[in-house]
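As given, the protein sequences belong to chains A and B, one line each in that order.
Those letters in the first sequence? Residues 1 to 360, by the working numbering.
Those letters in the second sequence? Residues 361 to 720, by the working numbering.
Because the hints were derived from the structure by calculation, they are not lab data.
Each residue gets a CB set at the ideal place from its N, CA and C atoms; glycine is no exception.
Do not take every clue at face value.
[What the hints assert, rightly or not] Calculated pairs, EDC-like style, for lysine to aspartate or glutamate (alpha carbon to alpha carbon, straight line, at most 20 Å):
| # | chain 1 | residue 1 | chain 2 | residue 2 |
| --- | --- | --- | --- | --- |
| 1 | A | Lys196 | B | Asp510 |
| 2 | B | Lys555 | A | Asp150 |
| 3 | A | Lys189 | B | Glu565 |
| 4 | B | Lys556 | B | Asp512 |
| 5 | A | Lys138 | B | Asp608 |
| 6 | A | Lys219 | B | Asp608 |
| 7 | A | Lys195 | B | Glu600 |
| 8 | B | Lys549 | A | Asp82 |
| 9 | A | Lys195 | B | Asp663 |
| 10 | A | Lys189 | B | Asp512 |
| 11 | A | Lys261 | A | Asp248 |
| 12 | A | Lys189 | B | Asp676 |
| 13 | B | Lys399 | B | Glu428 |
| 14 | B | Lys636 | A | Asp248 |
| 15 | B | Lys498 | A | Asp152 |
| 16 | A | Lys136 | B | Glu600 |
| 17 | B | Lys635 | B | Asp663 |
| 18 | A | Lys189 | B | Asp430 |
| 19 | B | Lys549 | A | Glu54 |
| 20 | B | Lys635 | A | Glu240 |
| 21 | B | Lys556 | A | Glu54 |
| 22 | A | Lys219 | B | Glu600 |
| 23 | B | Lys549 | A | Asp248 |
| 24 | B | Lys635 | A | Asp248 |
| 25 | A | Lys276 | B | Asp608 |
| 26 | B | Lys611 | A | Glu205 |
| 27 | B | Lys549 | A | Asp150 |
| 28 | B | Lys579 | A | Asp121 |
| 29 | A | Lys251 | B | Glu428 |
| 30 | A | Lys27 | A | Glu54 |
| 31 | B | Lys549 | A | Asp152 |
| 32 | A | Lys189 | B | Asp608 |
| 33 | B | Lys496 | A | Asp248 |
| 34 | A | Lys136 | B | Asp608 |
| 35 | B | Lys579 | A | Glu240 |
| 36 | A | Lys275 | B | Asp608 |
[To be verified] Covered stretches of chain A (in silico footprint by chain B; criterion: 3 or more residues with CB under 8 Å from a CB of chain B, positions within the stretch not fixed):
| # | stretch |
| --- | --- |
| 37 | 134-147 |
| 38 | 212-226 |
| 39 | 231-238 |
| 40 | 245-255 |
Number of protein chains: 2
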Amino acid sequence: MVRIAIDCMGGDHGLSVTIPACLRFIKLHPDVQLVLVGKQTEIEAALAKKKALELPQITIRHASEVVEMDEPPAQALRNKKDSSIRVCANLVKDGLASAFVSAGNTGALMAISRFVLKTLDSIDRPAIASSLPNMKGKGTLMLDLGANVDCDPSHLFQFAVMGSAFVKGIEGIDRPTVGLLNIGEEVIKGNEVVKKASELLRASELNFYGNVEGNDIYKGTTDVVVCDGFVGNVALKTSEGLAQMLGDIIKTEFKRGLWPKVAAVFAAPVLLRFKKRVDHRRYNGAALLGLKGIVIKSHGSADAYAFFHAIKRAYDAANGNLLDSIRLTMSHYVPLAAPAASSAGEAVVVPVEAKPDQVI
Amino acid sequence: MVRIAIDCMGGDHGLSVTIPACLRFIKLHPDVQLVLVGKQTEIEAALAKKKALELPQITIRHASEVVEMDEPPAQALRNKKDSSIRVCANLVKDGLASAFVSAGNTGALMAISRFVLKTLDSIDRPAIASSLPNMKGKGTLMLDLGANVDCDPSHLFQFAVMGSAFVKGIEGIDRPTVGLLNIGEEVIKGNEVVKKASELLRASELNFYGNVEGNDIYKGTTDVVVCDGFVGNVALKTSEGLAQMLGDIIKTEFKRGLWPKVAAVFAAPVLLRFKKRVDHRRYNGAALLGLKGIVIKSHGSADAYAFFHAIKRAYDAANGNLLDSIRLTMSHYVPLAAPAASSAGEAVVVPVEAKPDQVI
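Next up, chain A with everything else stripped away, as it sits in the complex (with noise of 0.2 Å):
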């Protein structure tokens, strides 16, 4: 049975979002156990509004305050130690619960769950890792999003190897592709800190593919695709910002005239199902990977379908065993990864067989 925290009061919109997801997801996964964190008497009221009170899988836990969206995150650590996102934290530190999921404020999050949970042995730093649909009809992994706008070449090996980790978990692919995002597919091609970052993988046992640019990732050349996280959040916010673009567009056509409104009404199911198959809202869910613990961050904007889909994604997580995975493979690079590794032709390869607790 897994056990999924949930901060109901992040992002936009709180509980108004929140607490249907979770009923939603119940519904569907009645296996699950969640736990509510945020203001008692106001989860209670959402949860009686909607009848819902007396659910056997649903437990309250309570929390006096929030992180603000716009808080600035050391202060957020510093002075709520009993906001619903450190509340959450410490459920997963505590092994109360496998997961958490948040909509709140991303900074906050990262130094709250770093904080409390801490990072993995010999991950340096964790990183935020999402799917983007491609091509191909499954989704490409993209990390880092946004935590780390200053990477050297060490920091996006170890952001491969959780990558890897994470679809292999996930996904359940034994040996996901890994590609590493550049403009040029040549090895000459790119800043100092991808081409040894090139040099780092190719020696690596990653199933590492080569350079790869942005249209890659939408195509679907590699399972995985790992940047820095200046680089990745532009790729990310750059792609939101041309499909509102589009979308906007045409609708607007649509709407211009008889005639287009005519041709909406017949056009509206496939339109629709255009519009299903790209829905940004299936990928909600990024990780935050190298923790010591599952947390998993929803878009701030999320709505109560979107959010559905970020729980789904801590249950996935935690039902594939993402950290044992993450672990194990990071078992392999040990002393690649470390700063006082001398080469990656000495890595000691630990078998895969090995339990993961007897390694780290």
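Since the structure of chain A is already known, use the hints to place chain B on it.
For chain B alone, kept in the frame of chain A given last:
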């Protein structure tokens, strides 16, 4: 009268694209003079096929060599002194053409242009700038799109100056707004290079809006968006990939079964208008800014319609006195941009009335 040199041999399709584009351009702009550069007999044959050998707006300039699309730039620069790109650059350098257009090898085009034309005084590195469509129905000029993978703050600042001057010269906007591409709007966001560039821009007389995010490119939040070439290239190619995927999915959905095919007939005029509004070919033609001459790079895979727009961009840039505009704008910032400068406050501001040649 504007005279533009055309590299007829460049790009994936060479003469089969460049010649029809030139003929169409002459038809719509009979005041232009085009110098067709490349293998004379081949150009003559292509013109003869279109019964266009005797057009008064056309002259042919023979170039015996062609730079291959995958040729290393240094090799093209060293060994092919009579390539069509090189001859075009020489025509501009010698004042025999106001601008030139090529769909050839980007690296070679940049290397040859830089070698032959030299960079403008007080510009350290040329940048690649291109317009992207935005929700306001205009273009957002974005630079750098891949010429410079490692930039320091003063490079980003120079990109901002050149971008402003370009938009002013071409679009006639008096004080274009400039956004600095970042991963958040807050001043504290971003890496060190971006933070320092932000300080330079804030202290300048440019119309600096502040930080913008990826989605602002397509929102049209600012007239100009500045970033380093790595980030810009990734953003551009990610956009291309997403647009391609969305286009492919919508096509597939309209072909799936009888009803969608009927719907497609009804929706065709609307979809065509949509396609026209977001047609990237209309935005073809990136400017190599910062050189002592106007160089426009067409997409290598451009068709005749797209290549036509690249010629149009060269024509507008020449008519808009692009170089004078950049020189004049830069002249305000020479002390700021030069490495030896002490502070923006001490910048010698040259009156706008001054002739650029007197101040540079």
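Right, here's what the structure says about each hint:
1. A:Lys196 x B:Asp510: Distance ~14 Å between A:Lys196 and B:Asp510 Cα, so the pair holds.
2. B:Lys555 x A:Asp150: holds (12 Å)
3. A:Lys189 x B:Glu565: At roughly 35 Å apart (the allowed maximum being 20 Å), B:Glu565 and A:Lys189 break the hint.
4. B:Lys556 x B:Asp512: holds (9 Å)
5. A:Lys138 x B:Asp608: holds (15 Å)
6. A:Lys219 x B:Asp608: holds (11 Å)
7. A:Lys195 x B:Glu600: Violated - the C-alpha atoms of B:Glu600 and A:Lys195 are around 24 Å apart, more than 20 Å.
8. B:Lys549 x A:Asp82: Roughly 27 Å between the alpha carbons, so the hint for B:Lys549 and A:Asp82 is violated.
9. A:Lys195 x B:Asp663: This hinted pair is violated, its Cα atoms lying about 34 Å apart.
10. A:Lys189 x B:Asp512: holds (19 Å)
11. A:Lys261 x A:Asp248: holds (15 Å)
12. A:Lys189 x B:Asp676: violated (33 Å)
13. B:Lys399 x B:Glu428: Within the cut-off at roughly 14 Å; holds.
14. B:Lys636 x A:Asp248: holds (15 Å)
15. B:Lys498 x A:Asp152: With a Cα-Cα distance of about 38 Å, the restraint between B:Lys498 and A:Asp152 is violated, given a limit of 20 Å.
16. A:Lys136 x B:Glu600: holds (16 Å)
17. B:Lys635 x B:Asp663: holds (16 Å)
18. A:Lys189 x B:Asp430: holds (13 Å)
19. B:Lys549 x A:Glu54: Given pair B:Lys549, A:Glu54 is violated - Cα atoms ~45 Å apart, limit 20 Å.
20. B:Lys635 x A:Glu240: Roughly 19 Å separates the two Cα atoms, so the pair holds.
21. B:Lys556 x A:Glu54: violated (56 Å)
22. A:Lys219 x B:Glu600: holds (10 Å)
23. B:Lys549 x A:Asp248: violated (29 Å)
24. B:Lys635 x A:Asp248: Distance of about 13 Å is within 20 Å: holds.
25. A:Lys276 x B:Asp608: holds (15 Å)
26. B:Lys611 x A:Glu205: violated (39 Å)
27. B:Lys549 x A:Asp150: Status holds; Cα separation ~12 Å.
28. B:Lys579 x A:Asp121: violated (42 Å)
29. A:Lys251 x B:Glu428: Violated, because 43 Å separates the two Cα atoms, which is more than 20 Å.
30. A:Lys27 x A:Glu54: Given that 20 Å is the threshold and the Cα spacing comes to 14 Å, the pair holds.
31. B:Lys549 x A:Asp152: holds (19 Å)
32. A:Lys189 x B:Asp608: violated (29 Å)
33. B:Lys496 x A:Asp248: Judged against 20 Å, a Cα distance of about 11 Å means the pair holds.
34. A:Lys136 x B:Asp608: holds (11 Å)
35. B:Lys579 x A:Glu240: Given pair B:Lys579, A:Glu240 holds - Cα atoms ~10 Å apart, limit 20 Å.
36. A:Lys275 x B:Asp608: Judged against 20 Å, a Cα distance of about 13 Å means the pair holds.
37. 134-147: n = 3 at 8 Å, threshold three: holds.
38. 212-226: holds (count 7)
39. 231-238: holds (count 7)
40. 245-255: holds (count 7)
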